[in-house]
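> Could you put the whole structure together from the sequences, leaning on the hints where they help?
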Amino acid sequence: MSARDEIGRQREVALVDLVDRLLAGGVVLGGDLTLSIADVDLVYVGLRALITSVATAEEKGLAIPPAQGQPFR
Amino acid sequence: MIWVYAICDLPDLPLPRRRGLAQAPLAGIPEGGLVAVVTEHTNPPGEPAVDALWAHERVVERLMADRAVLPLRFGTKLPDAAAMRAVLQARAGEFTAMLARVRGRVEVSVRAIGSGSPNGAPEPEPAAPASGREYLLAKLALDQRGERQAAALHEPLAALAVASRRGMPQAAGEVLRASYLLERADLARFRDAVARLQRQLPETAVLCTGPWPAYSFVGEGAIA
Numbered sequence: 001m002s003a004r005d006e007i008g009r010q011r012e013v014a015l016v017d018l019v020d021r022l023l024a025g026g027v028v029l030g031g032d033l034t035l036s037i038a039d040v041d042l043v044y045v046g047l048r049a050l051i052t053s054v055a056t057a058e059e060k061g062l063a064i065p066p067a068q069g070q071p072f073r
Numbered sequence: 001m002i003w004v005y006a007i008c009d010l011p012d013l014p015l016p017r018r019r020g021l022a023q024a025p026l027a028g029i030p031e032g033g034l035v036a037v038v039t040e041h042t043n044p045p046g047e048p049a050v051d052a053l054w055a056h057e058r059v060v061e062r063l064m065a066d067r068a069v070l071p072l073r074f075g076t077k078l079p080d081a082a083a084m085r086a087v088l089q090a091r092a093g094e095f096t097a098m099l100a101r102v103r104g105r106v107e108v109s110v111r112a113i114g115s116g117s118p119n120g121a122p123e124p125e126p127a128a129p130a131s132g133r134e135y136l137l138a139k140l141a142l143d144q145r146g147e148r149q150a151a152a153l154h155e156p157l158a159a160l161a162v163a164s165r166r167g168m169p170q171a172a173g174e175v176l177r178a179s180y181l182l183e184r185a186d187l188a189r190f191r192d193a194v195a196r197l198q199r200q201l202p203e204t205a206v207l208c209t210g211p212w213p214a215y216s217f218v219g220e221g222a223i224a
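Protein sequences appear in the order of chains A and B. Per the numbering used here, the first sequence starts with residue 1, numbered consecutively. Per the numbering used here, the second sequence starts with residue 1, numbered consecutively.
These are computed hints drawn from the structure, not numbers from a lab. Accuracy of the hints is not assured; some may be wrong.
Stated by the list, open to error - Not everything, but these chain A residues come out facing chain B in the computed CB check (under 7 Å):
| id | residue |
| --- | --- |
| 1 | Ala14 |
| 2 | Leu22 |
| 3 | Leu23 |
| 4 | Gly25 |
| 5 | Val28 |
Where a beta carbon is used, it is the ideal one built from N, C-alpha and C, also for glycine.
This is the structure:
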């Protein structure tokens, strides 16, 4: 895997983690949430595909090496 | 309509010049010792487009650089500043306690994918099940192996954290999905621990991102 592919992959993983946090975490005010359950479900369908693609890369020996030093984003 | 990014302490600290969704300038709505950071919109975004998610995130991260921050769930809108002040008044005690919990701390995400055994030896391929009972037993063994892998990763990491939360795996092959609340100063030590675990579990991809605002530690029941 080239360095560029690796950075792209890391961005994908960061996006999964971002969606996970912004749509399922955080303070809820009980106000008007923009997102309907259907919207969130759609996002999660995409997420599952992304996670599976990462898992597939792993099976093919394209494991993502841990980033050195600081956590990556 | 106002879009809410975060509830912060230090209401007198000037807001960053960074812009929010649709390039709108940030505004603060102070109430007591708290301030809500918002942007005003006539037509706020209605769907979680990737650009909007990152725009929301960058505002929260910029705020986190110099104050304690409670990130709001993406999509939180209120009709006006008066409604925002009413929420800050009504939940002041809860928000102040949550700010104390996350002050100086960051969240890190760890996700583990794969099926390597803890010592790196390949697992024997299970034979086709001869009966429903055998199938269930095989599935149970697989679940237990996954849980052992998850615990082997989670327990040493949780020991370095102030708090931790495990989520349900979202996809096949995902053995661990967890968030850790860390003192900012402990980030490097945590990264080292992740790298060490990755070396011990060469067939598992250990994916670590962060530091994030403490999204997973400010929601429902986070104080309990």
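> Checked against the structure, which of the hints given earlier come out wrong?
none
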